[in-house]
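Now for the letters of each chain:
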Amino acid sequence: MKFQSDLDYVIYYAEEMRENPKLFNQQKKLIESQLNASKSLFSNWKGKYFKEKCRAYLRDRGIIV
Amino acid sequence: MKETGYKLIDGKIIINRELTILDKFVKDFLSVLTKYSDYLIVSGFVSISTGRTRATEDVDILIPLLSKSEFTGLFAELSKRGFWCYQSDLAEEAYSYLKKMSNIRFARKNEMFPNIEIIPITKERKAKYYEFTHPQKIKIKEFEFKIPLIEFEILYKEKVLAGKKDMEDAAHLRAFFKNILSNTKFRECEEAIKHEISK
Chain A
131 MKFQSDLDYV IYYAEEMREN PKLFNQQKKL IESQLNASKS LFSNWKGKYF
181 KEKCRAYLRD RGIIV
Chain B
44 MKETGYKLID GKIIINRELT ILDKFVKDFL SVLTKYSDYL IVSGFVSIST
94 GRTRATEDVD ILIPLLSKSE FTGLFAELSK RGFWCYQSDL AEEAYSYLKK
144 MSNIRFARKN EMFPNIEIIP ITKERKAKYY EFTHPQKIKI KEFEFKIPLI
194 EFEILYKEKV LAGKKDMEDA AHLRAFFKNI LSNTKFRECE EAIKHEISK
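Residue numbers (this note's numbering), protein chains in the order written: chain A, 131 to 195; chain B, 44 to 242.
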């Protein structure tokens, strides 16, 4: 199937998921894969100065002030 | 009987799926938060928990502005239960952000993501106060929580936030919940956010 836009794909997938809950298994894999990737990015910071390093990173990106 | 993605039973949405690690993170956080405060989960997690497949690193939760002593109790128990606050290790300092109506964030110890973003609200924040006082119950396996009315979430994303990600989240919600959306609720929710649309 060819989609004209990202929005078309989102709507198609939501309609399929409404009728076929097995698609939630795919969604679970994708969500968990992304979260595990995010976690692993900072895993080498673990240790005594973890929070300090995180806060410096978050300040640099304007997430905290 | 054919299995579907969700059912509506006595006004509660029951999603037909297994819990993810993101759900378990939110569930653990809520198990502490609800001892101290009412709450409403809003924004991206609403779409993701109902099937939208996209990345997220934060979960937004509205809470009423707590007293200092309520917050101190919450902060102490969150720390005991393995959460840390981005803004400060001290309850008093973290509370100063809430008092200024600024958001604060918590993650699990030794992790930066995912995080919970706590958004304080008062009656003055009219649209947020409306969604807070008109919750929709939702359940996934044994995890039950509160989100805004689906109609509110759709309109807020389409008319107020209106970024690409928001429009896609709204399209997901419109398509997934097509069979239960109410025009009456859409009209009521539009009234509640109209002052934000014109901004």
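Since the hints were derived computationally from the structure, they do not count as laboratory data.
Heads up, some of the hints might be wrong.
[What the hints assert, rightly or not] Mimicking PhoX-like on lysine-lysine, the simulated pairs with C-alpha atoms at most 25 Å apart in a straight line are:
1. B:Lys50 / B:Lys182
2. B:Lys143 / B:Lys169
3. B:Lys182 / B:Lys221
4. A:Lys159 / B:Lys111
5. B:Lys70 / A:Lys152
6. A:Lys158 / B:Lys208
7. A:Lys152 / B:Lys184
8. B:Lys45 / B:Lys182
9. B:Lys70 / A:Lys169
10. B:Lys152 / A:Lys183
11. B:Lys152 / B:Lys169
12. B:Lys182 / A:Lys158
13. B:Lys142 / B:Lys180
14. B:Lys237 / A:Lys158
15. B:Lys152 / B:Lys166
16. B:Lys45 / A:Lys158
17. B:Lys78 / B:Lys45
18. B:Lys123 / A:Lys169
19. B:Lys184 / B:Lys207
20. B:Lys169 / B:Lys142
21. A:Lys152 / B:Lys182
22. B:Lys111 / B:Lys202
23. A:Lys176 / B:Lys221
24. A:Lys158 / B:Lys207
25. B:Lys208 / A:Lys169
26. B:Lys78 / B:Lys123
27. A:Lys181 / B:Lys111
28. B:Lys166 / A:Lys183
29. B:Lys78 / B:Lys180
30. B:Lys123 / B:Lys67
31. B:Lys182 / B:Lys143
32. A:Lys159 / B:Lys70
33. A:Lys158 / B:Lys50
34. B:Lys67 / B:Lys166
35. B:Lys184 / B:Lys70
Inset, instruction - Starting from the hint list further up, note which numbers the structure goes against and sort them upward. - result: Violated: hints 4, 11, 13, 14, 15, 17, 19, 22, 23, 28, 31, 34.
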